[in-house]
Amino acid sequence: MLSNPAISRPVATPVAIPVREWLPWIVFAGIVMLFLIYFVGAEQGATAIFSGSYLHEWVHDSRHLTGFPCH
Amino acid sequence: MVGGLLVRGMLAGLLAGVLGFVYAHQFGEPSVNTAIAFESYVEYDVHQQPREVELVSRDLQSTAGLGTGTLIYGVAVGGMFALVFAATYGRLGSLAARGTAAVLGLLGFTAVYLVPFVKYPANPPSVGDPVTIQYRTAVYVVMLLASIASMVFAVALQRRLVARFGNWNATLLAAGAYVLAMGVCYAVFPAIDEVPQEALPNVVDAVTRADVTFPPTVLWSFRIASIGLQVVLWATISLVFGALAERLLENPRVAANRRVKSAV
Numbered sequence: 013m014l015s016n017p018a019i020s021r022p023v024a025t026p027v028a029i030p031v032r033e034w035l036p037w038i039v040f041a042g043i044v045m046l047f048l049i050y051f052v053g054a055e056q057g058a059t060a061i062f063s064g065s066y067l068h069e070w071v072h073d074s075r076h077l078t079g080f081p082c083h
Numbered sequence: 082m083v084g085g086l087l088v089r090g091m092l093a094g095l096l097a098g099v100l101g102f103v104y105a106h107q108f109g110e111p112s113v114n115t116a117i118a119f120e121s122y123v124e125y126d127v128h129q130q131p132r133e134v135e136l137v138s139r140d141l142q143s144t145a146g147l148g149t150g151t152l153i154y155g156v157a158v159g160g161m162f163a164l165v166f167a168a169t170y171g172r173l174g175s176l177a178a179r180g181t182a183a184v185l186g187l188l189g190f191t192a193v194y195l196v197p198f199v200k201y202p203a204n205p206p207s208v209g210d211p212v213t214i215q216y217r218t219a220v221y222v223v224m225l226l227a228s229i230a231s232m233v234f235a236v237a238l239q240r241r242l243v244a245r246f247g248n249w250n251a252t253l254l255a256a257g258a259y260v261l262a263m264g265v266c267y268a269v270f271p272a273i274d275e276v277p278q279e280a281l282p283n284v285v286d287a288v289t290r291a292d293v294t295f296p297p298t299v300l301w302s303f304r305i306a307s308i309g310l311q312v313v314l315w316a317t318i319s320l321v322f323g324a325l326a327e328r329l330l331e332n333p334r335v336a337a338n339r340r341v342k343s344a345v
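One line per chain: the protein sequences are F and Y, in this order.
If you number the first sequence the way this note's numbering does, the last residue is 83 and the count never jumps.
If you number the second sequence the way this note's numbering does, the last residue is 345 and the count never jumps.
Bound-form chain F, shown alone (with noise of 0.2 Å):
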């Protein structure tokens, strides 16, 4: 097919990346993640992987402005 340069667009149509490309990156990259996550918003909180509050109070300011709950 014939296409006017002037006229054809830069760039084609999004692919999408295949389900077997990225389902292992959310599986195990997404763990990592949400495991951080846990740490700013939960540990030496509700529950707790290492004893004491040192972490807890550590990330106590930021727990509280990303919206966990805290005290």
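To be clear, the hints were calculated from the coordinates, so they are not data collected in a lab.
Yeah, the Cβ is synthetic: ideal placement off N, Cα and C, and Gly gets one too.
Any given hint could turn out to be false.
What the hints assert, rightly or not - Heads up, incomplete: computed chain Y residues facing chain F, CB under 8 Å, no partners named:
{"hint": "1", "residue": "G85"}
{"hint": "2", "residue": "A105"}
{"hint": "3", "residue": "Q107"}
{"hint": "4", "residue": "P111"}
{"hint": "5", "residue": "L136"}
{"hint": "6", "residue": "G146"}
{"hint": "7", "residue": "A157"}
{"hint": "8", "residue": "Y170"}
{"hint": "9", "residue": "P211"}
{"hint": "10", "residue": "R217"}
{"hint": "11", "residue": "A244"}
{"hint": "12", "residue": "N248"}
{"hint": "13", "residue": "I305"}
Here the structure of chain F is known, so what remains is to put chain Y in place on it, guided by the hints.
For chain Y alone, coordinates are given in the frame of chain F:
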């Protein structure tokens, strides 16, 4: 490809975390400090409790501590954002990278923060009974999951309805489905009100057995700052990541090569 997107999402999240830290330090800390002053006043001056030793000083909490939290949160949300983007890119009609990222940013902010917030708003220190922290966290997380699941369902529904109803009406129907689902959640989920309130005879009962009322304007400014922080985070992530993803996925040189190949 997905790895490249993930790195870009985390970088956008890092920048968002830095901007979020500056925002939170400027606009969030004043109400946090007042709330902590209120807490101290009630515990030490009103109830004459013995003073506690600070594990982490207020200076550290409001600077390095706050920065650690916002940076980690920004990077994590940015990473998740990139992963969800990888799964949705090319599946939202003709939306290209920047448009997809902008739409995901709006939907993400709504589903992950705003809608759960309306039922269970962010609270400053001294609001919330420490005894109920597990219960409050549990219902908040369940609300969060319900909201995210409903939003994923609504987007999938929109894609299915497009062919029959057109883009505009399909979007309205999907939005209606999300609003309906969350309306049911709002009605079914338990109400939580733990803002300290002294009893006013024939007006309100005491809340959390408080004999001192938490100052309402401090609560208001804290919650506005909390919303503002999320706006800064989500806006930065979606706009910066959109630009980075466009360069990766829709680089004109790459697209030109593709056209040459298909013409041969």
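Comparing the hints with the structure gives:
1. G85: 11 Å, violated
2. A105: 5 Å, holds
3. Q107: It is violated, given that the least Cβ distance between Y:Q107 and chain F is near 12 Å, above 8 Å.
4. P111: 12 Å, violated
5. L136: 5 Å, holds
6. G146: At about 5 Å, which falls below the 8 Å cut-off, the nearest Cβ of chain F leaves the hint on Y:G146 intact, so it holds.
7. A157: 4 Å, holds
8. Y170: 6 Å, holds
9. P211: 5 Å, holds
10. R217: 4 Å, holds
11. A244: This hint is violated: Y:A244 lies away from chain F, its Cβ roughly 17 Å from the closest one there, beyond 8 Å.
12. N248: This hint is violated: Y:N248 lies away from chain F, its Cβ roughly 15 Å from the closest one there, beyond 8 Å.
13. I305: Since chain F brings no Cβ nearer than about 11 Å to Y:I305, farther than 8 Å, the hint is violated.
The structure is inconsistent with the numbered hints 1, 3, 4, 11, 12 and 13, although it conforms to all the rest.
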